[in-house]
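Undergrad: Chain residues, written in single-letter form:
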Amino acid sequence: MEFSFELFIEAMLTPAMIRGAGIALVLTVLVFVLSFFGSLPMALWLKSKKRTRNIPAKIYVWVFRAAPVILILLFVWNGSPQLFPALLKSDWFTPFVAATISLVLTTIAYMAEIMRSALSAVSPGQAEAAQALGLGRFKAFRLVIMPQALRIALPPMVNEFINVLKVTSLAYVISLREIMAVVNDSIAATFRFVEWYTAALVYYLIIVSLFMVLQGIVARRQSKADRA
Amino acid sequence: MLKDVSLDVAPGEKIVICGPSGSGKSTLIRTINRLEPHDAGSIHVDGTELTDNLKTIDQIRSRVGMCFQHFNLFPHLTILANCTLSPVHTLGQSRAEAQEQAMHYLEKVRIADQAHKYPSQLSGGQQQRVAIARALCMKPRMMLFDEPTSALDPEMIGEVLDTIDLLAKDGMTMICVTHEMGFAKHLADRMVFMDGGEIVEISPPSEFFLEGRSARLRRFLGQVMH
Chain C
1 MEFSFELFIE AMLTPAMIRG AGIALVLTVL VFVLSFFGSL PMALWLKSKK RTRNIPAKIY
61 VWVFRAAPVI LILLFVWNGS PQLFPALLKS DWFTPFVAAT ISLVLTTIAY MAEIMRSALS
121 AVSPGQAEAA QALGLGRFKA FRLVIMPQAL RIALPPMVNE FINVLKVTSL AYVISLREIM
181 AVVNDSIAAT FRFVEWYTAA LVYYLIIVSL FMVLQGIVAR RQSKADRA
Chain P
229 MLKDVSLDVA PGEKIVICGP SGSGKSTLIR TINRLEPHDA GSIHVDGTEL TDNLKTIDQI
289 RSRVGMCFQH FNLFPHLTIL ANCTLSPVHT LGQSRAEAQE QAMHYLEKVR IADQAHKYPS
349 QLSGGQQQRV AIARALCMKP RMMLFDEPTS ALDPEMIGEV LDTIDLLAKD GMTMICVTHE
409 MGFAKHLADR MVFMDGGEIV EISPPSEFFL EGRSARLRRF LGQVMH
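In order, the protein sequence lines correspond to chains C and P.
For what it's worth, my numbering labels the leading residue of the first sequence as 1, then goes sequentially.
For what it's worth, my numbering labels the leading residue of the second sequence as 229, then goes sequentially.
Some clues are possibly wrong.
No more than 25 Å apart at the CA atoms, straight line, and that leaves these computed lysine-lysine pairs for PhoX-like [unchecked claim]:
| id | chain 1 | residue 1 | chain 2 | residue 2 |
| --- | --- | --- | --- | --- |
| 1 | P | 283 | P | 336 |
| 2 | P | 397 | C | 139 |
| 3 | C | 139 | P | 283 |
| 4 | P | 367 | P | 283 |
| 5 | P | 345 | C | 50 |
| 6 | P | 413 | C | 139 |
| 7 | P | 367 | P | 397 |
| 8 | C | 139 | C | 50 |
| 9 | C | 47 | C | 58 |
| 10 | P | 283 | C | 49 |
Okay, the calculated bits of chain P under chain C, using three or more residues with CB under 8 Å as the criterion [to be verified]:
| id | stretch |
| --- | --- |
| 11 | 294-305 |
| 12 | 379-392 |
Just so you know, these hints were derived from the structure itself, not from any lab.
In this text the structure is predicted, and so the values were computed from the model without any measurement.
Glycine residues also receive a C-beta, built at the ideal position from the N, C-alpha and C atoms.
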């Protein structure tokens with residue numbers, strides 16, 4: 001048997017596969033955005049000198065960086081209904097929601113570290129100058145500190161985005177119908193491993209490439225400010 | 229650590245603070261806009277007492293301009309945007325209004341032609357002049373200068389001192405920490421000498437630079453005047 005190009009195209013165009021890619025993409029973007037906003041307070045707590053903030057934040061990062069994503073997925077999907085039986089009857093607690101919660105919990109831990117080091121890399125003089133101009137703490141953070149920290153954080157953040165995309169594939173263990181779940185089922189029915197694996201690979205490549213183009217655009221806009 | 233510090237500055241007065249490093253000069257002027265908190269005593273700025281109240285602090289900060297040793301321009305914004313950021317976001321000026329005002333002050337510090345460049349494209353002296361213009365855009369009642377020429381190459385010190393002098397001639401109230409004694413003598417209405425966190429001497433320059441003052445001041449002047 002050899003590689004069947006037709007079967008590969010067929011696999012690419014299967015509605016379940018297209019939907020699976022859509023689910024992977026939406027889940028990744030959603031997890032990335034939610035985690036970003038969750039990582040900001042976490043990063044500030046990590047930076048904080050107050051032990052009541054610093055220690056809980058450190059423990060959070062320690063736990064969620066150590067725990068395998070697959071374990072968190074199973075914990076949330078199988079474990080939370082045991083603790084909160086109401087979830088079993090609720091119609092909103094779907095594999096997609098459980099995957100979102102699990103991946104956000106994990107991603108916040110990684111992103112908080114990225115944002116902490118990016119925020120620390122902005123010179124303290126910047127905050128002082130913003131404060132001296134009467135910009136309150138919140139405006140100083142949003143208008144002066146964050147834009148500079150984001151520029152520093154951009155390359156590791158793109159890495160993190162790709163990581164999130166890849167770990168969405170683990171959500172097949174809680175029967176989320178993303179790319180790998182569709183591929184596994186189709187292979188069980190057809191035993192055409194290579195065509196389906198290649199189709200999955202191509203979808204991941206497409207999504208990652210889309211975001212590399214986006215990164216390129218953002219980086220070009222930023223570098224205008226750096227031309228000396 | 230500051231102790232026994234008492235200083236009244238009249239409107240329009242120019243104060244120059246000098247003293248050895250670690251004497252508390254920077255700390256003193258940084259308490260005036262609460263970049264350093266004071267834990268005893270009281271500070272009044274333009275009739276308002278400085279407290280922990282965040283609103284009061286921001287109010288006072290928008291009335292007190294400050295220039296730093298390392299300029300601290302915002303590197304991600306153009307020169308013009310550096311100057312309009314706070315007027316737009318704290319004084320509620322429209323963008324057009326803020327830009328017009330910013331160009332006025334950039335012209336005053338003779339750097340209007342660089343308005344659309346980024347800070348990294350400017351020399352140190354130019355950056356410090358932009359920092360002065362940025363502070364002026366807030367229409368401050370007084371200006372604080374924290375060693376404004378200490379980080380500059382020698383050939384750029386003059387242009388920054390000239391700019392400060394220009395402000396002084398406009399009647400701006402100012403407190404300046406500097407090691408430029410020639411400039412201090414010319415600018416100051418009163419000189420303040422600090423050592424070990426205390427104000428040791430306050431006197432007009434005509435007396436300040438004469439012999440016969442305290443031993444600590446004489447020793448300091450001996451080191452900085454060549």
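Undergrad: Hints first: check each against the structure and report whether it holds.
TA: Hint check:
With a C-alpha separation of about 31 Å, the suggested pairing of residue 283/P with residue 336/P is violated against the 25 Å cut-off. A hinted pair counts as satisfied when its Cα atoms are at most 25 Å apart, and residue 397/P with residue 139/C does not qualify at roughly 34 Å. Between residue 139/C and residue 283/P, the direct Cα distance comes to roughly 13 Å. Compliance with the 25 Å bound is thereby established for this hinted pair. Restraint check for residue 367/P and residue 283/P: satisfied, since their Cα atoms lie roughly 18 Å apart, inside the 25 Å limit.
Between residue 345/P and residue 50/C the alpha-carbon distance is near 40 Å, which puts this suggested pair outside the 25 Å criterion. Taken as a hint, the residue 413/P and residue 139/C pair is broken in the structure, with Cα atoms around 39 Å apart against an allowance of 25 Å. Simply put, residue 367/P and residue 397/P have alpha-carbon atoms about 16 Å apart, close enough for the 25 Å limit, and the pair holds. Using a Cα cut-off of 25 Å, the hinted pair residue 139/C and residue 50/C holds, with the two alpha carbons roughly 22 Å apart.
Of the pairs offered as hints, the one joining residue 47/C and residue 58/C holds, with about 10 Å between alpha carbons and a cut-off of 25 Å not exceeded. The straight-line distance between the Cα atoms of residue 283/P and residue 49/C is roughly 24 Å, inside the 25 Å bound, and the hint therefore holds. With 9 residues carrying a beta carbon less than 8 Å from a beta carbon of chain C, the stretch 294-305 of chain P meets the three-residue requirement, and the given coverage holds. With 0 residues bearing a CB less than 8 Å from a CB of chain C, the stretch 379-392 of chain P misses the requirement of three and the coverage assertion fails.
Hint violations for this structure: numbers 1, 2, 5, 6 and 12, all remaining hints satisfied.
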